[in-house]
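There are 2 protein chains.
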Amino acid sequence: MSKTYNVAVVGATGAVGIEMIQTLEKRNFPVGQLKLLASRRSAGRKLKFHGRDVTVEELTQDSFDGMQFALFSAGSSISKEFAPLAVKAGCVVVDNSSCFRMDPNVPLVVPEINGDDVKQHKGIIANPNCTTAITLMALYPLHVAFGCTRIFASSYQAVSGTGAKAIAELERQVDQIVKGQPVTKEVYPHQIAFNVLPQVDSFLPTGYTKEEMKMENEGRKIMHHPTFRASVTCVRVPVYRAHSVAVSAEFAKPVTVEAAREVLKQAPGLDVIDNPAKSEYPLPLYQAEKYNCAVGRLRKDCALDNGLCFWVSGDQLLKGAALNAVQIAELLV
Amino acid sequence: MSKTYNVAVVGATGAVGIEMIQTLEKRNFPVGQLKLLASRRSAGRKLKFHGRDVTVEELTQDSFDGMQFALFSAGSSISKEFAPLAVKAGCVVVDNSSCFRMDPNVPLVVPEINGDDVKQHKGIIANPNCTTAITLMALYPLHVAFGCTRIFASSYQAVSGTGAKAIAELERQVDQIVKGQPVTKEVYPHQIAFNVLPQVDSFLPTGYTKEEMKMENEGRKIMHHPTFRASVTCVRVPVYRAHSVAVSAEFAKPVTVEAAREVLKQAPGLDVIDNPAKSEYPLPLYQAEKYNCAVGRLRKDCALDNGLCFWVSGDQLLKGAALNAVQIAELLV
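These protein sequences, in sequence, are chains A and L. Position 82 (the first sequence) corresponds to 81 in numbering that gives the first Met the number 0; numbering is contiguous. Position 181 (the second sequence) corresponds to 180 in numbering that gives the first Met the number 0; numbering is contiguous.
Chain A on its own, in the form it takes in the complex:
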């Protein structure tokens, strides 16, 4: 009988937690016991795993006894408090929050890019920011081939990146507008239905948001590229699922669209969808629930002497979160 691992999912009832459970199932991760952990409020709920009910338990200090893996997706404060306890109990933690990403003792991993970095782990491995992960799926292969110096990027981020409550908020606002009722706001500071919000995460003194700087900070660490520069505007759009990013990338070596296309076609976890004549390009609506990210709209950048424009879309609940976390765990079994 092949080896199995006891896996705890922290934040099991959240938008990412649900995807983690489904991804463990779909990819046949060798799960022995599955423990679903959440706040007291969600304890007692039942979620399906391989056809059987698993009852959600309240997260406590003792939750990790006997577990080998703990997949965290319950926010930074929960990770900060409970991830060290999970490590102490003998778990390898894969953490989806931003809590440990820039900690020099914690590998920050996209398996297709820097999978080998998991070997350096001291108990915790961090899962990158969703927009960063999706962008790097296309950018990193180009960086290897042509040496990326910097990017200018704008994002089109789905509400599910904020969590289950934001999905409900968009649905409710659309319903209110269709019925001619006043629009109520609980999650975002402004109406998201039929609007776009140029704010994701909180603001830094520089005027960038934290989310916007993750591209440069996390990108440097994941790509092992300490001089990488990224100027990003992150924007929330009324899309339910899958983020998209428009990128202008500058390279050190000469780059052509043809050479870039060949590189991208070989890249793992990435589909090239790029047939403008037939209006074929990556669309968030079609990337939803797909493991692979997709890149298209390839063209020589007309404002860079050695640059390339592209458009990348990916399901941020999967490649930007749950899938990437399970892939990291797979590297360790």
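Hints listed in this document are in silico derivations from the structure and should not be mistaken for laboratory results. Hints should not be assumed to be uniformly reliable.
A pair counts as met if it fits within one copy or between any two copies, since identical chains are not told apart.
Here are the simulated lysine to aspartate or glutamate pairs, EDC-like style, with alpha carbons at most 20 Å apart [stated by the list, open to error]:
(1) Lys121 x Glu261
(2) Lys184 x Glu279
(3) Lys299 x Glu215
(4) Lys299 x Asp200
(5) Lys2 x Asp64
(6) Lys79 x Asp200
(7) Lys184 x Glu329
(8) Lys209 x Glu279
(9) Lys277 x Glu185
(10) Lys47 x Glu185
Keep in mind that this is a model prediction, so the values were computed, not measured.
Position chain L against the provided structure of chain A, taking the given hints into account.
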């Protein structure tokens, strides 16, 4: 009694045409006779102007007799055929289509930027692309102060930029989704509801769309800046009205956020909405039906040695089309 002018509106029943009529009324343009022109299909419809009904007439070769102004917004092919006839009949044409914009004999005008160019007209004055006009409302004052060399920009364009049929398409698709019915497509090649489309206008052999290159081509002409470079990704988003653009701009002279803010506060037709601590920034939802454009999210660009990031929103039916056209006519009365 003050002088009045007979004004023809071509494409009077379209999304922009309707706004032209309302803008002529709201700004008290000295209209003598108002002639509303459209295709045979729309002839006979009645539209209000200063409280009275004006019947829409079919556009014919003789429509412009006795008119002094003709405001066109019925697409390039109509402009190409009928604008010269209007000029022959003695009209000054303000054309909202892309037909004559790059014609060296036709001024391309944003009144706040290059209003003096109207003096060069030989009968036709072109109204710029909406995304270009809105972006330049913030970029041009910065260019005057700091010398803009190039920009990297991504747009978030409302469906009303495509016209009245696209507004109806988004409404219909939302209704179909809410009711669980199959989604039908007539205007866009893909579902626009809860999706974003990285295509506006048709593709050029370079991989850019025509819309994307308007920023550089029209920007050079409007700003009298023949070396201006602009790399743009234009994206349609499920917003009804008002376009937004995320811009990274590089300058020849040193630029600070404080100096840029002072410049922008003085700029005509532009509001500075930039208080991130209170989540205050330009939003398309709030820019709808406003004459002024709005700029915010000002910050030093972290990937340019001498650059600035900003976010600009504006009602593309107004500043990007109807308002700008009426403002051009105002320069001539």
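Results of checking the hints against the structure:
In this homomeric assembly, Lys121 and Glu261 never come within 20 Å of each other (Cα to Cα): the closest approach is 37 Å inside a single copy and 50 Å across copies. For the homomeric pair Lys184 and Glu279, the shortest alpha-carbon distance between copies (15 Å) is at most 20 Å, but the shortest distance inside one copy (35 Å) is not. Proximity of Lys299 to Glu215 under the C-alpha cut-off of 20 Å is restricted to the inter-copy arrangement: shortest distance 15 Å between copies versus 22 Å within a copy. In the homo-oligomer, the alpha carbons of Lys299 and Asp200 lie at most 20 Å apart only across protomers (19 Å), although the nearest pairing inside one protomer, at 32 Å, exceeds that limit.
In this homomeric assembly, Lys2 and Asp64 come within 20 Å of each other (Cα to Cα) only inside a single copy, at 18 Å, whereas the closest approach across copies is 88 Å. Taking identical chains as interchangeable, the C-alpha atoms of Lys79 and Asp200 lie at most 20 Å apart only when both belong to the same chain, with a minimum of 18 Å there against 48 Å between chains. In this homomeric assembly, Lys184 and Glu329 never come within 20 Å of each other (Cα to Cα): the closest approach is 40 Å inside a single copy and 42 Å across copies. In this assembly of identical chains, Lys209 and Glu279 lie within 20 Å of each other by CA distance solely across copies; the values are 17 Å between and 33 Å within a copy.
With identical chains, the CA atoms of Lys277 and Glu185 are at most 20 Å apart between copies only, with a shortest distance of 16 Å across copies and 40 Å within one. Taking CA atoms no more than 20 Å apart as the test, Lys47 paired with Glu185 passes in neither setting, with 29 Å inside one copy and 40 Å between copies.
In summary, the structure is inconsistent with hints 1, 7 and 10 from the numbered list given earlier, while agreeing with the others.
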